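With chain A's structure known, arrange chain B on it following the hints.
2 protein chains.
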Amino acid sequence: MRDVAIIGIGKTPFGAFPDRDLRSLATEAGSKALTDANVKPSEVEAFYLGNFAGPSFVGQSHLAPYIAASLGLTGIPAVRCEAACASSGAAFFQAVSTVGAGLYDLVLVIGVEKMTSQPTPRVTEILASAGDLEGEVKAGATFPALFAMIARRHMYQYGTTREQMSLVAVKNHANGARNPYAHMRKPVTLEQAMAGRLVAEPLNLYDCSLVSDGAAAVVVAPLERAGEFTARPVRVRGIAQASDFVALDLKDDITRFRATQKAAEKAYRMAGITARDIEFAEVHDCFTIAEIVALEDLGFVAKGEGGPYTQDGYTALNGPRPVNASGGLKSKGHPVGATGTGQLCDLVLQIRGEAGENQVERHSIGLAQNLGGSGATSVVTILSV
Amino acid sequence: MRDVAIIGIGKTPFGAFPDRDLRSLATEAGSKALTDANVKPSEVEAFYLGNFAGPSFVGQSHLAPYIAASLGLTGIPAVRCEAACASSGAAFFQAVSTVGAGLYDLVLVIGVEKMTSQPTPRVTEILASAGDLEGEVKAGATFPALFAMIARRHMYQYGTTREQMSLVAVKNHANGARNPYAHMRKPVTLEQAMAGRLVAEPLNLYDCSLVSDGAAAVVVAPLERAGEFTARPVRVRGIAQASDFVALDLKDDITRFRATQKAAEKAYRMAGITARDIEFAEVHDCFTIAEIVALEDLGFVAKGEGGPYTQDGYTALNGPRPVNASGGLKSKGHPVGATGTGQLCDLVLQIRGEAGENQVERHSIGLAQNLGGSGATSVVTILSV
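Which chain is which? The protein sequence lines are A and B, in order. For the first sequence, my numbering gives the first residue as 1, with consecutive numbering after it. For the second sequence, my numbering gives the first residue as 1, with consecutive numbering after it.
So that you can see chain A by itself, here it is in the shape it has in the complex:
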């Protein structure tokens, strides 16, 4: 496997854009990434699209060639990868795998979702389809309910507190408020975050990520050729994707995601590092409890220590290991299919030192964790200078 680099990134702001359709978001991100990479459409050899539910949200299937052709890409392999909320993480994993293996030199990955054109109950229903329809969904569980169960168990088993979860929200909103590409640029106080309207007890509105529109893209190339295109390539040091049961009741322990643990273990091994070496991270905080679990699954802290670690400020923007400096899904927004590539764009901005007001101090090696559903898919990526 040869070394692989990200040579260009491009994203749209995340938000609610009633006047934008899915394709225009995707092509904007894709065009920006190609421009950033100094790559012409005719040079792109393969296209991977990460999209969770375009057919359900906007009615259009066959989205990979549909978007590719709009960018001037035809005659190449173009495929949509779907792995729930980890769809564009999975698309990127395919791109890195195939470029790393020498099949292609220049590959474009776009993640996109257009969610806000559907009414909220329909959005909830579409999102719930990433759970087990025959089991938990039929029983009435939506994703807030599933993560509420995870939170309850985590609180019971490790003493994680309501306040610790709210502190994740406070931190991520503070970060997102500084990020011009974030959906909800509004700081919240601890009091506000703890007093939010209940969604699924113990989770309230401030524990839940946002329903957003948006797209994010990256261009992948072999490291040995990166210099032809950019002076600022970012290396893919490690990457892995792992799967697990979809239904929560089939998991042996709902306070951890085996898929994240497995993917992290493989990604660290590939990079030849341990969790200790990760300077900053973008993790999948679809709910505040998910960020706490991620800190543990990724080995940043021992099991059960994610809450105190947050409370003690370790993950703050100016802390020793900033997590979700971008604002995370909580504040930046969670256009499902765009979330994985969005995290990668944010890591690249940090590593290049271009993260503006959100720039972290130590930014030579960062990690992204992109989770699908309640943990049936997880993709862990490590990027460095």
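Because the hints were derived from the structure by calculation, they are not lab data. Please note that the accuracy of each hint is not assured.
The list treats identical chains as one, so a pair stands whether inside a single copy or across any two.
In silico SDA-like links for lysine to any residue, alpha-carbon gap of 25 Å or less [to be verified]: (1) Lys251 x Gly319; (2) Lys251 x Ser24; (3) Lys303 x Arg256; (4) Lys303 x Asp277; (5) Lys138 x Arg162; (6) Lys138 x Thr189; (7) Lys266 x Asp105; (8) Lys138 x Pro119; (9) Lys32 x Thr120; (10) Lys251 x Gly159; (11) Lys266 x Gly102; (12) Lys303 x Gly75; (13) Lys32 x Gln311; (14) Lys40 x Lys266; (15) Lys251 x Leu71; (16) Lys251 x Gly75; (17) Lys138 x Val123.
Just so you know, these numbers come straight off a predicted model, no measurement behind them.
Relative to chain A, chain B alone:
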């Protein structure tokens, strides 16, 4: 790129199965393929699922880990590939690419679709989502209408006749009638095929493929290791996937599919052969005209000669180059996401000499062509002893 082989196949019958759900079809095909390959679930290193519209047909997303876990596969990369009717061709392309590149040794590919649980108008609507929603679909075009335009133009430009299209149906129904796994095992006469109820002039009911449930799976391995698992490996000699515009009105010539031409050219080059060397083929006859166009795009005949070639019996089961010996999508059925892997299973059966009453005489090298939508995706695969 190292040589790759199919070491096991498994399929369900194609048909209308009100008592079967999507997952049970997929796991049946997957289990059969693993058994056929003498591979244990714990040995599988990656899983690619080909599925067009499970979320729309049955409401379930995140299908790759959902199905994988039911087969005992967890902790591995599992992703759903969607490329309309070429979804499982695209999934297989990923599998061959990654095994060929040395990333994995044992990869499972399943294609599945469960279509018959929806009423016909909804099925038509879901299928139409693989066309351009903003353009042709909004204007009222469904897939029969799009292929009717292709047929009209082909008739006008090359003199293709109503009878030649019907002869595709007669041949494929005759073949499907002998195939125990086919959906509609009913021979039709030329008179019947020409007098079918009009669907979209000039296409009648006998020109259209079937709405079906079903699944088909293959196990992919490096050729150098195939002997550990099976005495009858089938080599992947060439494979390519290509994309094109989704909307028919953006294509420069609707009587040919550029994606098929491009994919075929690359697959022949990879195999070091020409079209002349192909002894038999399974092509994507979603409509009878599509088989005629495929014969031309694949280079079996010159442009415009697909009709006469069919009429003269060249593609018959006992002809010099049998096409769709299985019955094709027309008679075997077209559970969209299962069609690509289904074609591969049929090629493997032929190459192994296990195709029963449908066995063709020369069966050492065959080709499968899997088309997405009205040609925005095409995957061409060449298999041999």
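So, against the hints stated earlier in the document, which numbers end up violated here? 1, 5, 6, 9 and 13
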